[in-house]
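Each chain, letter by letter, is given below.
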Amino acid sequence: MLQPSAKIVQASIEDLAKIIARARREVAALKPDNIKFDHIMPSHDELDAVVLATEEATNKIMDECEAITALTTSCSPETAQALTASITRIFEACNFQDITGQRITKVVNALKQIDYKIDAMLRALGEEAMASSASVPSTTSLLNGPQLPKHAPTQAEIDQMFGEACGIES
Amino acid sequence: MAVNLDMNVMVVDDYKTMLRIIENLLRQLGFKNIVQATDGTTALQGLKDGDFGLVISDWNMVPVTGLQLLQQVRADAKLQKLPFIMVTAESKTENVVAAKQAGVNNYIVKPFNAETLKQKISAVLGAF
Numbered sequence: 001m002l003q004p005s006a007k008i009v010q011a012s013i014e015d016l017a018k019i020i021a022r023a024r025r026e027v028a029a030l031k032p033d034n035i036k037f038d039h040i041m042p043s044h045d046e047l048d049a050v051v052l053a054t055e056e057a058t059n060k061i062m063d064e065c066e067a068i069t070a071l072t073t074s075c076s077p078e079t080a081q082a083l084t085a086s087i088t089r090i091f092e093a094c095n096f097q098d099i100t101g102q103r104i105t106k107v108v109n110a111l112k113q114i115d116y117k118i119d120a121m122l123r124a125l126g127e128e129a130m131a132s133s134a135s136v137p138s139t140t141s142l143l144n145g146p147q148l149p150k151h152a153p154t155q156a157e158i159d160q161m162f163g164e165a166c167g168i169e170s
Numbered sequence: 001m002a003v004n005l006d007m008n009v010m011v012v013d014d015y016k017t018m019l020r021i022i023e024n025l026l027r028q029l030g031f032k033n034i035v036q037a038t039d040g041t042t043a044l045q046g047l048k049d050g051d052f053g054l055v056i057s058d059w060n061m062v063p064v065t066g067l068q069l070l071q072q073v074r075a076d077a078k079l080q081k082l083p084f085i086m087v088t089a090e091s092k093t094e095n096v097v098a099a100k101q102a103g104v105n106n107y108i109v110k111p112f113n114a115e116t117l118k119q120k121i122s123a124v125l126g127a128f
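Taken in sequence, the protein lines are chains B and L. Just so we're aligned: the first sequence equals residues 1 to 170 in this note's numbering. Just so we're aligned: the second sequence equals residues 1 to 128 in this note's numbering.
Some hints here could point you the wrong way.
Unchecked claim - Pairs of lysine-lysine residues, derived as DSBU-like cross-links and limited to a Cα-Cα distance of at most 35 Å, are as follows:
hint, chain 1, residue 1, chain 2, residue 2
1, L, Lys-92, B, Lys-60
2, B, Lys-7, B, Lys-60
3, L, Lys-81, L, Lys-16
4, L, Lys-78, B, Lys-60
What the hints assert, rightly or not - Looking from chain L toward chain B, a few residues come up when the C-beta cut is under 10 Å (computed):
hint, residue
5, Lys-16
6, Lys-32
7, Ile-34
8, Val-35
9, Thr-38
10, Thr-41
11, Thr-42
12, Asp-58
13, Thr-65
14, Leu-79
15, Ala-89
16, Ala-98
17, Asn-106
18, Phe-128
Think of the hints as simulated: they come from the structure by calculation, not from any bench. Backbone N, C-alpha and C define an ideal beta-carbon position, used for all residues, glycine too.
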């Protein structure tokens, strides 16, 4: 016959088992596999397409800029100078493609982390009930990618940091 | 001393679009001999084999990052004094400090313009 304290432990375990079973049903009702296959995986493709499209567009813009640059030799010096200045500004503006690509890569990595967590959750809740102890793959510590504009330092601030770094012993 | 615009300049970036942008901006600034590399390993071999006066490199590349390329350049007896400018979207203090400690000559944060590129090259090589 069970001791009173053992009965309390047994009741607690039964309660815990019920809570876990309910949690499993609730999570299963959320259909996490749908999130993975219907949303996350297609999002990867969509974002890849955005990068590809902006890259193609940027290359076409630069093709035309190079064609215009070649034509400046047949213009007057003043016109050639004005065209060159405009073309330079277009090339500068094309920086957006690289920055956009890096930002999208960050989003894709975030989606991969979510994907990974969902996989782990599915495994944990599945029949095999595997405990997921694997750690999330980390990226190289200093590869943070572009910062959001509200957090990004200006070139002047970078120059200041750079100047201050000169005093650091290497 | 005037900057030799005929010097070989190595531009390293795994984004081909970015390579093209930097090359065009360098040409607008008067540089004539620009060599592109899409990864650090190719760049390092090119630097060892050639005669370069300046390296402009991205940071965020695989498998060799721009920082690792810089460290390898500084570790090479022939290349250790080669002017090296990092052009990158990595703009956290620790990035700038790490690059400086590795021996970078200047640091440009993306997005940048031709004027900034010229200023930083001038700061490293002299006015032109």
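Going down the list of hints, with the structure as the test:
1. Under the criterion of a C-alpha separation no larger than 35 Å, the hint pairing L:Lys-92 with B:Lys-60 is consistent with the structure, at around 33 Å.
2. At most 35 Å may separate the alpha-carbon atoms for a hinted pair to count; B:Lys-7 and B:Lys-60 exceed this at roughly 76 Å.
3. Restraint check: the Cα-Cα separation between L:Lys-81 and L:Lys-16 comes to about 27 Å, which is no more than 35 Å; the hinted pair holds.
4. The straight-line distance between the Cα atoms of L:Lys-78 and B:Lys-60 is roughly 39 Å, outside the 35 Å bound, and the hint therefore fails.
5. Satisfaction of the interface hint for L:Lys-16 is found here, the shortest Cβ-Cβ separation to chain B being roughly 8 Å, below the 10 Å cut-off.
6. Against a cut-off of 10 Å between C-beta atoms, the interface hint on L:Lys-32 is violated, since the closest Cβ of chain B lies about 14 Å away.
7. With a cut of 10 Å, the hint placing L:Ile-34 at the interface with chain B is violated, because the nearest CB-to-CB distance is about 14 Å.
8. At its closest, the beta carbon of L:Val-35 sits 18 Å from a beta carbon of chain B; the interface hint therefore is violated under the 10 Å criterion.
9. For L:Thr-38, the shortest C-beta to C-beta distance to chain B is roughly 13 Å, which exceeds 10 Å, and the interface hint is violated.
10. For L:Thr-41, the interface hint is violated, since its Cβ never comes within 10 Å of a Cβ in chain B; the closest pair sits about 16 Å apart.
11. A distance limit of 10 Å between C-beta atoms decides the matter here; for L:Thr-42 the minimum to chain B is near 19 Å, and the interface restraint is violated.
12. Annotation: interface hint on L:Asp-58 holds; nearest CB of chain B at approximately 8 Å, less than 10 Å.
13. Given hint, L:Thr-65 at the interface with chain B, holds; its Cβ is 7 Å from that chain's nearest Cβ, closer than 10 Å.
14. With its C-beta approaching chain B no nearer than about 18 Å, L:Leu-79 sits outside the 10 Å limit, and its interface hint is violated.
15. For the restraint placing L:Ala-89 at the interface with chain B, the shortest Cβ-Cβ distance is roughly 4 Å, inside the 10 Å limit, so the hint holds.
16. Taking 10 Å as the C-beta cut-off, the interface hint given for L:Ala-98 holds, the closest approach to chain B being about 6 Å.
17. The closest approach between the C-beta of L:Asn-106 and any C-beta of chain B is roughly 7 Å, which is under the 10 Å cut-off, so the hint is satisfied.
18. With a least beta-carbon distance of about 16 Å to chain B, the hint placing L:Phe-128 at the interface is violated under the 10 Å criterion.
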